[in-house]
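Spelled out, the chains give:
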Amino acid sequence: MQRYSLFHLARQALRGNKRCTPAWNAPTLKSKYDVVIIGGGGHGLATAYYLAKNYGVTNVAVLEKGWIGGGNSGRNTTNVRSDYMFPESVAVYDLALRLYEQLAKEINFNIMLSQRGWVTLIHDQHQLESAQHKRNSLACNGVDAQIIGRDEVRRMIPSLNMQDAARHPVIGAFLQKRGGTIRHDAVVWGYARAADQLGVHIVQGCEVLAFERAGGRITTVNTSRGRISCGAVGVAVAGHSSLIADMAGFRLPLTSHCLQAMVSEPIKPVLNHVVFSPNTGVYINQTQKGELVMGSARDLYASYGQRGTFPTIEKTITAVVEMFPIFGQTRLMRHWAGIVDIVPDSSPILGPTPVDNMHINCGWGSGGFKAIPAGGLLLACSLATGKPHPLAVPFGLDRFRSNRLVDESAAAGSAH
Amino acid sequence: MIVIRCPYCHELKTEDELTYGGEGGVTRPVAPENASDAEWTDYLFMRINRKGPHREHWCCAIGCGQWFKVTRNTVTHEVIKIDRWDESALG
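Those sequence lines, one after another, are chains A and B.
Residue numbers for the first sequence, in numbering that gives the first Met the number 0: 0 to 415.
Residue numbers for the second sequence, in numbering that gives the first Met the number 0: 0 to 90.
Since the hints were made in silico from the structure, they are not lab data.
Since the structure is predicted, the reported quantities are computational estimates derived from the model, not experimental observations.
Among the hints, erroneous ones may be present.
Computed cross-link-like contacts, EDC-like style, restricted to lysine to aspartate or glutamate with a CA-CA straight-line distance of at most 20 angstroms [stated by the list, open to error]:
#: 1; chain 1: A; residue 1: K314; chain 2: A; residue 2: E264
#: 2; chain 1: A; residue 1: K64; chain 2: A; residue 2: E264
#: 3; chain 1: A; residue 1: K314; chain 2: B; residue 2: D15
#: 4; chain 1: A; residue 1: K314; chain 2: B; residue 2: E14
#: 5; chain 1: B; residue 1: K12; chain 2: A; residue 2: E313
#: 6; chain 1: A; residue 1: K176; chain 2: A; residue 2: D150
#: 7; chain 1: B; residue 1: K80; chain 2: B; residue 2: E22
#: 8; chain 1: A; residue 1: K104; chain 2: A; residue 2: D184
#: 9; chain 1: A; residue 1: K176; chain 2: A; residue 2: E206
#: 10; chain 1: B; residue 1: K50; chain 2: A; residue 2: D245
#: 11; chain 1: B; residue 1: K80; chain 2: B; residue 2: E10
#: 12; chain 1: A; residue 1: K31; chain 2: A; residue 2: E211
#: 13; chain 1: A; residue 1: K64; chain 2: A; residue 2: D245
#: 14; chain 1: B; residue 1: K50; chain 2: A; residue 2: E206
#: 15; chain 1: A; residue 1: K314; chain 2: B; residue 2: E10
#: 16; chain 1: A; residue 1: K386; chain 2: A; residue 2: D397
#: 17; chain 1: B; residue 1: K12; chain 2: B; residue 2: E77
#: 18; chain 1: A; residue 1: K176; chain 2: A; residue 2: E100
Away from chain B, derived, C-beta distances all over 10 angstroms, residues of chain A [stated by the list, open to error]:
#: 19; residue: R226
#: 20; residue: H239
#: 21; residue: R250
#: 22; residue: L251
#: 23; residue: L253
#: 24; residue: T254
#: 25; residue: T279
#: 26; residue: G289
#: 27; residue: T308
Every residue gets a Cβ at the ideal spot worked out from N, C-alpha and C, and that includes glycine.
Given only the sequences and the hints, what does the whole structure look like? Please build it.
Okay, structure coming up:
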């Protein structure tokens, strides 16, 4: 396996890139694995990587129905932050951000982490007070956050409509400086390459069709490419989790929804932060290529349609142009949608399931991308030890029966 | 764009004029005091969340205000069936 470096890049360029080798292999599917992970997105591949690296479990297959990173990992807005309300949530999301901060060095793959600052606009006195509450709560949990005034917002984001007569006036902002963006494909490819190096089999174009069970355990996974005996099964399929649960004979407290985003043509650098408006639900940032990436709230009805819909595109664009009138002439280039798994308390579901040897990682809703390293680490622990990681205990499926919800949406006053 | 003709006022409504009411067929325990924790958990939280034809409730929110039942394909958004409450069993 080639080690990536500036020297490697220059040498390959001089040779016309003719001696580049694939970043991961295309192995022949074996008939038996210690662990089968369903879902080759960021979470599934991170799970495989941490299983091999932290727990020494390398006889692992990651099964992906399509191509790796073709689901929600390739359909998000690449935002990362960890400004959540409850200590349980902050512990998980900030773990993810801390792992992301060291990931590029750890797996020798540039994930293009850009901690440019995540700015949540404050439009009125009530939002200011909740922002102060959140900042204090984060300070107690050891996570950076600050409130900045109107003049500072104007200095940081000169193109923002800050007029008094604006539809949503801005009186300040909540800022997490460590928040920002990451190159989403790089996370998927980086984890895939690192897991492959440790001996994990990444099998693309392999759809799970059914499970064979004996004594409350799954013994065999039937796939479109044959039967696989397994010791344990990990599930990391986000919006399609209910389908896997149905095959395994249990239900989940999930509703799948379409979450859309869109990107403009590239323009010169104009926006240096990720900006979110709680009033419109719109968030926007500019990529290193110059495109404006925009997203807003999920479509409110259940959906597995992985494509944009015009009512949402119109609402998002209307809000963006209201916030940034100078973007009014910019043309839209692409739009896309992922299927997010919404849980009643807007917190993930991590750990054991009613099936003895099946462990799950789902329910991240619209916050899955930012949580990839933590989601992978916690599912890996569950699969390797049979018990949830201490940080995952509050997020077990059993919390719905014991009524110990971690109600992030109510606490933070916005959807995640 | 989802467009549904309300079975009560018979007007054609777009998704922006309708309110989504979630999955159909979720029945409250008939004798709540006798329901087990598992039955309550199922009723409150657990959903089928089907990919494909899905029974659900919608409300003619900007219109006559009536709730009604819809069977819709959650992949294509094709509306397969629209029912009034008095036309079939509850659910």
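Verification of the supplied hints:
no.	hint	result
1	A/K314 x A/E264	holds (19 angstroms)
2	A/K64 x A/E264	violated (31 angstroms)
3	A/K314 x B/D15	holds (11 angstroms)
4	A/K314 x B/E14	holds (13 angstroms)
5	B/K12 x A/E313	holds (18 angstroms)
6	A/K176 x A/D150	holds (17 angstroms)
7	B/K80 x B/E22	holds (15 angstroms)
8	A/K104 x A/D184	holds (17 angstroms)
9	A/K176 x A/E206	violated (40 angstroms)
10	B/K50 x A/D245	holds (11 angstroms)
11	B/K80 x B/E10	holds (16 angstroms)
12	A/K31 x A/E211	holds (14 angstroms)
13	A/K64 x A/D245	holds (17 angstroms)
14	B/K50 x A/E206	holds (16 angstroms)
15	A/K314 x B/E10	violated (24 angstroms)
16	A/K386 x A/D397	holds (13 angstroms)
17	B/K12 x B/E77	holds (15 angstroms)
18	A/K176 x A/E100	holds (13 angstroms)
19	R226	holds (24 angstroms)
20	H239	violated (7 angstroms)
21	R250	violated (4 angstroms)
22	L251	violated (7 angstroms)
23	L253	violated (5 angstroms)
24	T254	violated (6 angstroms)
25	T279	holds (15 angstroms)
26	G289	holds (31 angstroms)
27	T308	violated (6 angstroms)
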